[in-house]
Amino acid sequence: MGAHDAAEIPEALGSFLAALSLGLGFNATVVVIGTTLLGLAAGAVGAFMLLRKRALMSDALSHATLPGVALAFLLGVALETDPRALPLLLAGATATSVLGVLAVQGITRASRIREDAAIGIVLSVFFGFGVVLLSYIQALPQGGQAGLKTFILGQTAAMRVPDAELIGAVALCALLVCALLYHPFRLVCFDADYGRVVGLPVTLVDLALMGLIVVVTVIGLKAVGLIMVVALVIVPAAAARFWTERMARFVPLSALFGGVAGWIGAARSASLPRLPAGAVIVLVAGVVFVLSFLFAPARGVLADAWRRLRLRLVTVRDHFLRAAFEQLEAAGTGAAGSFALADIAEDRGWSARHAGWIARWMAARGFAAHLPDGRMHLTPTGREAAQRVTRAHRLWEQLLLVQGAGRIGQAHRSADLVEHVLSPAMVAALEAELAARGATAQPMPPAPERSRQP
Amino acid sequence: MTPRDTSAPPVELAAARETAALPALAVRHLTVAYHESPVLWDVSWTTPAAGLIAIVGPNGAGKSTLIRASLGLVPKVSGQALFFGQPLSAVRARVGYLPQRSSVDWDFPASALDVVCMGRYRLHGWIGPLGRRHREAARAALAEVGMADYADRQIGQLSGGQQQRVFLARALAQDADLYLMDEPFAGVDAATERTIIEVLRILARAGKAVVAVHHDLATAPDYFDHVLILNGRLVGAGPMDSVFTPENLQRAYGGRLALLDQAIEAAARAAAGRRDAQA
Numbered sequence: 001m002g003a004h005d006a007a008e009i010p011e012a013l014g015s016f017l018a019a020l021s022l023g024l025g026f027n028a029t030v031v032v033i034g035t036t037l038l039g040l041a042a043g044a045v046g047a048f049m050l051l052r053k054r055a056l057m058s059d060a061l062s063h064a065t066l067p068g069v070a071l072a073f074l075l076g077v078a079l080e081t082d083p084r085a086l087p088l089l090l091a092g093a094t095a096t097s098v099l100g101v102l103a104v105q106g107i108t109r110a111s112r113i114r115e116d117a118a119i120g121i122v123l124s125v126f127f128g129f130g131v132v133l134l135s136y137i138q139a140l141p142q143g144g145q146a147g148l149k150t151f152i153l154g155q156t157a158a159m160r161v162p163d164a165e166l167i168g169a170v171a172l173c174a175l176l177v178c179a180l181l182y183h184p185f186r187l188v189c190f191d192a193d194y195g196r197v198v199g200l201p202v203t204l205v206d207l208a209l210m211g212l213i214v215v216v217t218v219i220g221l222k223a224v225g226l227i228m229v230v231a232l233v234i235v236p237a238a239a240a241r242f243w244t245e246r247m248a249r250f251v252p253l254s255a256l257f258g259g260v261a262g263w264i265g266a267a268r269s270a271s272l273p274r275l276p277a278g279a280v281i282v283l284v285a286g287v288v289f290v291l292s293f294l295f296a297p298a299r300g301v302l303a304d305a306w307r308r309l310r311l312r313l314v315t316v317r318d319h320f321l322r323a324a325f326e327q328l329e330a331a332g333t334g335a336a337g338s339f340a341l342a343d344i345a346e347d348r349g350w351s352a353r354h355a356g357w358i359a360r361w362m363a364a365r366g367f368a369a370h371l372p373d374g375r376m377h378l379t380p381t382g383r384e385a386a387q388r389v390t391r392a393h394r395l396w397e398q399l400l401l402v403q404g405a406g407r408i409g410q411a412h413r414s415a416d417l418v419e420h421v422l423s424p425a426m427v428a429a430l431e432a433e434l435a436a437r438g439a440t441a442q443p444m445p446p447a448p449e450r451s452r453q454p
Numbered sequence: 001m002t003p004r005d006t007s008a009p010p011v012e013l014a015a016a017r018e019t020a021a022l023p024a025l026a027v028r029h030l031t032v033a034y035h036e037s038p039v040l041w042d043v044s045w046t047t048p049a050a051g052l053i054a055i056v057g058p059n060g061a062g063k064s065t066l067i068r069a070s071l072g073l074v075p076k077v078s079g080q081a082l083f084f085g086q087p088l089s090a091v092r093a094r095v096g097y098l099p100q101r102s103s104v105d106w107d108f109p110a111s112a113l114d115v116v117c118m119g120r121y122r123l124h125g126w127i128g129p130l131g132r133r134h135r136e137a138a139r140a141a142l143a144e145v146g147m148a149d150y151a152d153r154q155i156g157q158l159s160g161g162q163q164q165r166v167f168l169a170r171a172l173a174q175d176a177d178l179y180l181m182d183e184p185f186a187g188v189d190a191a192t193e194r195t196i197i198e199v200l201r202i203l204a205r206a207g208k209a210v211v212a213v214h215h216d217l218a219t220a221p222d223y224f225d226h227v228l229i230l231n232g233r234l235v236g237a238g239p240m241d242s243v244f245t246p247e248n249l250q251r252a253y254g255g256r257l258a259l260l261d262q263a264i265e266a267a268a269r270a271a272a273g274r275r276d277a278q279a
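These protein sequences, in sequence, are chains B and P. Letter 312 of the first sequence, counting from 1, is numbered 312 in our numbering, and no numbers are missing. Letter 198 of the second sequence, counting from 1, is numbered 198 in our numbering, and no numbers are missing.
It is worth saying that the hints were derived from the structure and are not from the lab. Treat the hints with care, as some may be off.
What the hints assert, rightly or not - Within a straight-line C-alpha distance of at most 25 Å, the following computed DMTMM-like cross-link-like pairs (lysine to aspartate or glutamate) qualify: (1) B:K149 x B:D193; (2) B:K53 x P:D107; (3) B:K149 x B:E165; (4) P:K76 x P:D42; (5) B:K53 x B:D116; (6) B:K149 x B:D206; (7) B:K53 x B:D193; (8) B:K53 x P:D42; (9) P:K76 x B:D206; (10) P:K76 x P:D107; (11) B:K53 x B:E115; (12) P:K76 x B:D193.
Only a predicted model underlies this, so the values are computations on that prediction, with no experimental measurement involved.
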């Protein structure tokens, strides 16, 4: 990108904002709309490909387009038509990319080479052939390969209005097919065998899906370039997967992410023509992915870490409360009595420092309070919570013992794990189960350790 | 198969009776091979028109393969499978399928209800959103297996037994006459096993046929009325009491005696139980 002078940057920013709001003039607007539709279609098709576990197929496919583009150019030269006409070049791209897909399937069917290796083979061999053809074209007198190079990295600025219209129209058709075949695609992705049994023409549906990915990849060449078009298929889908567990939301969300990437990328590229649009589009998709990976509430890593941390905190709180309750029970002072933090630390095997930290946290949460003499007592809230967790623990122990689950140590350990997650409904179910087995669930069952002693 | 009635009742009635008595599944000279080694060898077998039918046999006996080849999911070397006297393509709506649990992608973005709804495609068609009637039917199927409260849960967040019940519900939602089940009891908890066998018994009482691959010889005589014993080849097939014998099991399983003793005891118990029930 290099040399922007001071005046160019604000100007570029202004035209970027103008392009975002589609106020950049007719040509740029058409290009931005076309690329946005392309992103929507790639996101939707990518969602299905991700679930079909064929996401990388689009990589083999995109690289396999290059020889087709070059051959179509040569054909155009031979026929003395415009060798850079987009429909011609895309037809060539489609032809060799279909060949590429067939090659991948042929290799995996006829031999024991697996699909990932087959994709690697097809991708590199086809691409290599394309590069050879390009260097041959460069030596031709017809003006070299200038128009073709944009197919490798993509450039929306080089797009003409009819090109953008073609891309947008095809993308729209792809979106329609996705909506129409949503149920067949879902079943093929989830359980193709079951689909066959209930009469789904699985091979045909798979073919339609492969057709869509060919179409999306080929129309993505001009805007994104063949190296990065795979990202427009995979990244929005991967990002969308963090947000939802429902297919009916996953596919539209993936399309939306792809659309946003296409829109912002094309707008940026329209305002800064030297910026390769493909890179910007993929970067926008990458940012969406990273944000989703970190912050998505359903499956994002931070939400996950927070859930784990919360469970750990609940566990520590419950252990503190039950230990306090049992100290008070053993001392016979009643729930309002006082206890020494050191005893609890010993009981739980906590270091003094760890115990001190927990005690401060419990005091801050209003479960316990420090007394002037250095001992602690449970607040009314704390007493209630301590009673609840101890009771859940002991009911569970009791149930396991009634069921004849081996030694008391086992029952205790199991209860130790379960007490934190027993909801009031589950405690009620426990009580019913115990009653059904002829054991009464007392308001506070005695600790089995002590009740066993003579 | 019941003998055909040759005295001449009105034609339509005869046709109706014949349809009712047609075997749910008949395989003829079925041979299947994976990579040149045969898994199933010339198996000819006819199930009754209704009832609970087990396929038992040692590991690698071709139990799952028999089901999958009948359904056209693995290629046959030779032979054919007829469902209610017709090829599968003519009677798909009457055939339900419960695949092996291990074949499922549990991370798939689908809820329990989504999965059960897939069982309604045959009745609903492939295009367009699933109508209310079909969603209700799917919910009813979930309720039948005791999973109504989990309809919106993502399938990976269910326990193994719950997952199996969801897939059973999907088969039920198909509203079929024959259900082919690949190890419905594999890796499920005791409560799920009870639920599944109750559902299967309800199906049998409603005149449906269930063909299930079954691993536990000790429960087979208790759960099923008919049995096919396989060991690559057909070892025995027919009513449980006459086919589930020490000799046949010995032939299928070879010398694993402790296992067989248990199975034979169970068979005797179940046979006694059935005699009592009939008396």
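Hints versus structure:
no., hint, verdict
1, B:K149 x B:D193, "violated, 43 Å"
2, B:K53 x P:D107, "holds, 12 Å"
3, B:K149 x B:E165, "holds, 21 Å"
4, P:K76 x P:D42, "holds, 11 Å"
5, B:K53 x B:D116, "holds, 11 Å"
6, B:K149 x B:D206, "violated, 32 Å"
7, B:K53 x B:D193, "holds, 15 Å"
8, B:K53 x P:D42, "violated, 36 Å"
9, P:K76 x B:D206, "holds, 23 Å"
10, P:K76 x P:D107, "violated, 32 Å"
11, B:K53 x B:E115, "holds, 11 Å"
12, P:K76 x B:D193, "holds, 16 Å"
Figure legend: structure checked against the earlier numbered hints; hints not met, in rising order: 1, 6, 8 and 10.
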